[in-house]
Structure formats: C-alpha cells, structure tokens
Amino acid sequence: MMLSRVAERVYWFARYLERVESMARLINVYTSLLFDLPKDTGISWHNLVVASGSHQEYERRFSVKDEKRVIKFLLEDTSNLSSLTSSLTMVRENIRTTRDILPAECWELVNEFQIFVNENMQQGINRRHRNEFLGDIIKTCQQINGLISDTMRRDDAWHFLVLGRSLETADMTLRTLEAGSRMSVDCFEHDSVHVTDAVWSSVLGTLNAIMPFRRTMKVSLNGEDSARFLLEDTLFPRAVAACLLDMRSSAGVLPGGMPVGKFLDQLIKKVEKGDHYDDVFEGLPAHLDELQRSLGGLNNVINDTWFTPS
Amino acid sequence: MISEKGNPRAASRSVVSALSKLSDEELESRRVAADRTVRDMGVSFTVYMDGSNIDRAWPFDLIPRVIGEAEWKRTEEGLKQRVKALNMFINDVYHDQQIFKDGVVPEDLLKDSKNFRPECVGINPPRGVWAHICGCDLVKDIDGKFYVLEDNLRVPSGVAYMLENREISKRVLPELFESIDILPVDDYPEKLFSMLASVSPRKVRQPEIVILTPGIFNSAYFEHAFLAQQLGVELVEGSDLLVADDDCVYMRTISGLERVDVIYRRIDDLFLDPEAFNPDSILGCAGLMRAWKAGNVALVNAPGAGVADDKVVYAYVPKMIEYYLGEKAILPNVETYLCDDPEQLEYVLANIEKLVVKPANESGGYGMLVGPHATEKEHNAFRKLVKENPRNYIAQPTLQLSTTPVITGPGQVEPRHLDLRPFVLQGKTTTVTTGGLTRVALTKGSLVVNSSQGGGSKDTWIVAQGGKKS
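These protein sequence lines are chains A and B, in that order. Everything in the first sequence is counted per this note's numbering, starting at 5 for the first residue and increasing by one. Everything in the second sequence is counted per this note's numbering, starting at 3 for the first residue and increasing by one.
Bound conformation, chain A alone (with noise of 0.2 Å):
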C-alpha cells in the first residue's frame, strides 16, 4: 500500500539524487580530459553546459563561455534547474515529504549533504580542490544509495526508487553518449583525430566504465564499441539496456504495471536491434536523439499509471 503523491516524490528524489551524482561525475571528468586535450581541439568549457543539457538556458543568459562561469553555472547557479545545487536542493524537498517511507538515517545523510557542499562550495569552483570535492559528492551518493540498498525492504517504495534512479542513469549515459560524439565530430573538423581516443576514454571515465568495457569488448578503446557497449550490454548497471531491465523488473512487481512493462519492451527491443554506431555524424546522434525521446515517453507512462489519481 503505498500513496500516489508519495510514490511520486519518492520516484523524483531517486531521480534528484542520480543527478546530483552524474552532475559531479561529468565536471570531475570533464576537468581532466581538458587538461589532457591540445589547445587547438575545439572542444571548450562550453561543451560541458551541451552534455548537462542545458545550453539554452546558458546561451540566453551568458555569453562568456570560459572555466569559471561554466562551472559556477553547473555547480551553484539556483536559477539553472539543473544545477547540481538546484538538484540537491530537490532531493531535500522530497525526501522532507516522503521521510516516513525512506531509512531514518537517509534523512540525516541528505542534510548533512547539503550542509557539506553548500559550505564547501568554492572548493568546487576553484580548481585546486575541484576533484576532492566532487569526489566527496559522489561518494556521499553512493553512501546514500548504499545505505538505502542495505536497509529498506524490497517494498513498492523500492521499486519507485528502483525506476526513478533507473530511468536517470540511462539518461545520463545517452547525454554522455551525445557529448562524445559532439567530441569526435569537433576533433574530426579541428583536425585532431588523434585525440578522440581521449574523447571516448573520458565518456567510458564518466560511467566508471572503462575497466568493465575492457574486460567485455576486448578490443582498444574506440568510439564504435563505447557506444555499443553503454548501449547494449545488459550487465554494466549503467548501460541503458541493463537500466530498462531493471526498470522492467520493478514494473512488473508494481500494482498494475502492464502499460509501462509494454512500453518498456519496446524500448528493450529498440536499443537491442542496436545502430550505425560508427555513423557519428548522423547515424548514432540520431539513434541517440530517439532512444531520448523515448525515455520521455517511459516518464510519462509511469506517471499517468501510478502518479495521476483517477
């Protein structure tokens, strides 16, 4: 038995909470594939504000792109609703009104989180300190993941976590999918070919993935089988297709999951039949652009299944 509204919340903090961490993942990668690249790349500051998605937001408001004003933007800017800050800010709200369903200690850890990183804050905007401090970040994500997997019972509640943090992570992979073929076609018109190895390098980085890509793909690094593999492969937990499987798992646990196990097939099949992964021009930004637009459709389902009392 469990409350739509709080289904909801509890769904869109495991949501928050992934953002928080794929915010912290992408800066702290970012950062040192930066350090790594030749000046005449063409690939900037800027493509950081691309890859979070909220470049409009940016361009209307700014018009200096360099280090400073991107990562403030990123990290602290409230009135960037993806912020890390401004998506911290919601993982509180919700789990404010959804504390009776969460481990008592979540709570706690969340403000304590928030807490650290509002008075840390300029460790994060400042270089020096930069990778520390959003290593902490992903840490006390994990902390907070790690103590919700160990205590709570496999209830719905679980499972609105389960789908909420699911559907996020296979977002934030296509985003980073999205980043690096943007990368490679900016190397390739730069001229710099050789450094997209680079690129691809800090996608699989981001997702923590290169060690598991090795072991799986058994090949060198390259842009064809990263996309491939953080597409397909059912094992790695961020890999989209093992995110809809476990998606799929939860729905069909729920009380009348049917239309979102349905949907949630289709997109299985739809990222098995796979794509033109070496196309990065056309073929795999636009497979990518779909399989997006799909994940907005799955939110939308799940909403009008369990959120929208009839």
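The hints are simulated quantities; they were obtained by calculation from the structure and are not laboratory data. As the structure is a computational prediction, the values presented were derived from the model and not from experiment. Warning: the hint list may mix true and false statements.
Beta-carbon label-pair distances, calculated as ranges [stated by the list, open to error]:
id	chain 1	residue 1	chain 2	residue 2	range
1	A	Q270	B	G234	47 to 53 Å
2	B	D282	A	E109	39 to 45 Å
3	B	V206	A	E109	31 to 37 Å
4	B	G234	A	S253	25 to 31 Å
5	A	R157	B	D57	26 to 32 Å
6	A	V68	B	G447	53 to 59 Å
7	B	E277	A	E123	58 to 64 Å
Selected chain B positions facing chain A (Cβ under 8 Å, derived; list incomplete) [as the list claims (entries may be wrong)]:
id	residue
8	D42
9	G44
10	I218
11	E236
12	V238
13	E239
14	R254
15	I256
By construction, the Cβ of each residue, glycine as well, lies at the ideal position given by its N, Cα and C atoms.
Once you have looked at the hints, place chain B on chain A.
Chain B alone, transformed into the frame defined by chain A:
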C-alpha cells in the same frame, strides 16, 4: 533546578555536579556539538516571515531541566485527572449539558464560544473520548509548585521536539546517561499508536491509521513527518483522501483506493471538511464530517473538542473536576479573572499594568499583553479591546515564574523563564509523557516561550529517586 539560595535542588544535585565538572571550553564544545546535531538531524520548525516560509533550526539549550520522580508522579496524576474531567465536560456539552443545568458553569459560555461546533451535538465518538491528545502547559511559581497555565485540546504540537531533544542530549552528554537514572521518553510513539488503534471503528487487527497534515508549509510539518515515520503510518494531505458514496474514507494509492480507519488530524476543525465548514478550504477533504458522524472513521482529536480549549472554560476546570469526578483538583489553575464578569472586569481594567491579558481562543502567544512589560499606550489599547469584547479575554496575575540556567555564550550561563508541556493520551487507558517539552524564553526577562516568538527548548529529565544509577 537551582534554589533561591543558589544551591542545586535535591533532584538536580547529580546533574549539576556532573555538569560542573565540565570546563568552560568543554561546555562550549558540547554546545557547538549540540548545534551541529540539531542541524544534521534536520530538526527544524517553519516560521512565516515577510510572506515566505523559513525553515529554522530548532533552538536547543544543552543544560537539561531536571524534575524529581516523586514530584512528577503527583503531577502525572493531576494531569490524568484533569484530562478525564475535560473529556467528560466536552461529552456533556454535546449531549445533555447537565453541568450548565446544574449551574456549575454559566450557560452563556457556549453562546460565544468560537470552538463550539453545533454540528457535533449528539455524536458518540468511540469510548466517549473527544480530546485524545492533550498538551497542558504547566508553569512553576516562585513557591516551586506546578500550576496549569492552559489546556491545548485542538492540535497540540511539540511532542516530536521532546523526543528529538532527548536524542540530541544523548549524543552530546552521553556520560550523564551512564551515571544518572533518567527515565526514558521514547515509548511515546508506541503509546500514541496503541491509543490511535484503540479508537478504530472497524475492529480489525491492523486498522489503517493516517496522519493528516496541512502540508509542508505548516509550522509543525517537521513533527507531522516525524510522527508518521515513528508510527509507521501514512502521512496524508487532504488531496490524498476522498469520502465515497458509502460514507467511508479512502486514500488514493498506487493500487487504487484503500479504506482509512483512524485519522490523526493536524488540521484545525474549520479546515477539515469544506462540505461542513469553510467551503474554500483545500486543506481537508469533503465529506469527512459525514464519514465521522456515520461512525465510519475516527477523528483524533474529535471535531468540537476545542470547546474546552478556551481560556474562559479553563477557569472552570477545577470546578469540573469536583463536579464530574467528585475529587479535588490535584493541579491548581493560575488565578484567573474573567472579563465578562463585571466585578472582575473592573479589577482587570484598574490593574492592567500588573496583569497578563490573553485572548480566550488564540494560541502561539499571539495577541496577548504582558502588563508589566508593556507601555501605557499598550495598556490603554488593551483596556479598549477588553471592554469591547469582554467574553474574549481573561487576565492572570504575572507569576514569579521560575527560571532555569541557559547557556547564553561561551562560558556564560544566565537564568531564563520556562514552562513545560506534557502530553496526555486518552484512549482505552490514559497515559502521560515522562516530563514533556520544556520551552524557555531566550530573551532576558521575557515570559514568552513560544518557538514562533523566538523561544527555545531543553531536554526534560525525570530523575529517579537518589538520582544515581545503582
């Protein structure tokens, strides 16, 4: 805690001696740790300011308030007696009104009562209980005796803070809990749950209990969420509920509608049901009164229970105890002047600068006058208010309220006024919290302890006889 001569009172001796072993630096570091704990635990209350809501950290003072077990036992008896009589009074009000017919309490009282609900006449809630949860405010006068200052029977709040205060002091002063025998408070959620289950109209093994909150912007939202979590029940908002054609209450869940048996509502009567009361309210749920009258759901506290939450009614409580129970009141009232009595009104108008004047139906310390601390202009304004609407005001002498030491800065301790709010539960049985919520005024000399008015709080320790653990 400290006697007039500056010596620790008997019950506090062990606590004072333990605390005095801490150096200034040590005490300060414990104070910082306490602040940190409050923040980490997210213990907060919401205040309205400039049209927006601010979530503030709960103001907690490290030094516990200590009460001896024997004194507490007696106080507990007095509270049980009082709440029993109050419930009999409310039930009488909505049935025969015998107490008025017998001339013990004047009949006019109901005519002008803001919290009398004609809709409730003739209704029989389970076990005849209307006020299941009562928060009685107690103060100590200079004579060291507890007096009842007021009874809160509508939606009394603060019990979550009582529990959190204990949690904080356990973390910050662990060694005191080892050496001193402090009676536990954490059985309250269990007692509250049993009480709620005991008034379920459906006699099922697992009645569906919910807490109804006005939502996140309510000043006590923290408490609503805390209690829902401790009780393991759903925290619902009005829009989560609906009353169907069968006059039963249901909640909207991911698997459809589920029947609700007991609603611990934290919404005032008038917002409970737009069908019965305020048609514009979106906080409650249409049809709740219908379902309650049909006996299909228990509302805690029952609608209309607030009729006894009136400072004029308060003045008659000792008489009620004698009338209904045939006993003398164990806990005295603070002396109270009723402004609708011409003789008493005259006294109030003549002595307003010595008195505390309170509206009969406000809470949270709003709209009152503290005579000795007010200007002549304020005295005159209140004289006018009282004359215009005497039924709505009572006056009380300014008590020589007891004080407690409060940490006011690094190594600094000053006395501040305080009160105590124990919570009384009445269902199948009657229980009282061990101690209650101690609130302190944080401003020097102030008598106002409400958190909405800048008050703070302390953990309350009922210490077993001798004070030492054997």
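Tested hints:
1. At roughly 39 Å, the beta carbons of A/Q270 and B/G234 sit outside the given window of 47 to 53 Å.
2. Look at B/D282 against A/E109: about 41 Å separates their beta carbons, and that is inside 39 to 45 Å.
3. Hint check: B/V206 to A/E109, Cβ distance near 32 Å, so the stated range 31 to 37 Å holds.
4. For the hinted restraint 25 to 31 Å between B/G234 and A/S253, the CB-CB distance of approximately 27 Å keeps it satisfied.
5. Under the hint 26 to 32 Å, the C-beta atoms of A/R157 and B/D57, about 30 Å apart, fit the expected range.
6. As the Cβ distance of A/V68 to B/G447 is approximately 55 Å, the hint placing it in 53 to 59 Å holds.
7. Between B/E277 and A/E123 the C-beta distance comes to about 49 Å, which lies outside the given range of 58 to 64 Å.
8. At about 5 Å, the closest approach between the beta carbon of B/D42 and any beta carbon in chain A falls short of 8 Å, and the interface hint on this residue holds.
9. Among the interface hints, the one on B/G44 holds; its C-beta lies about 4 Å from the nearest C-beta in chain A, closer than the 8 Å criterion.
10. For B/I218, the suggested interface contact is upheld, since its CB lies about 6 Å from the closest CB of chain A, less than 8 Å.
11. For the restraint placing B/E236 at the interface with chain A, the shortest Cβ-Cβ distance is roughly 6 Å, inside the 8 Å limit, so the hint holds.
12. Because the beta carbon of B/V238 sits about 6 Å from the nearest beta carbon in chain A, less than 8 Å, this interface hint is met.
13. A hinted interface residue such as B/E239 counts as satisfied when its beta carbon comes closer than 8 Å to some beta carbon of chain A; here the least separation is about 7 Å, so the hint holds.
14. Below 8 Å, beta-carbon pairs count as interface contacts, and B/R254 has one with chain A at about 4 Å; its hint therefore holds.
15. Look at B/I256: its Cβ gets to within about 5 Å of chain A, closer than 8 Å, so that hint holds up.
Going through the hint list in order, the structure does not satisfy hints 1, 7.
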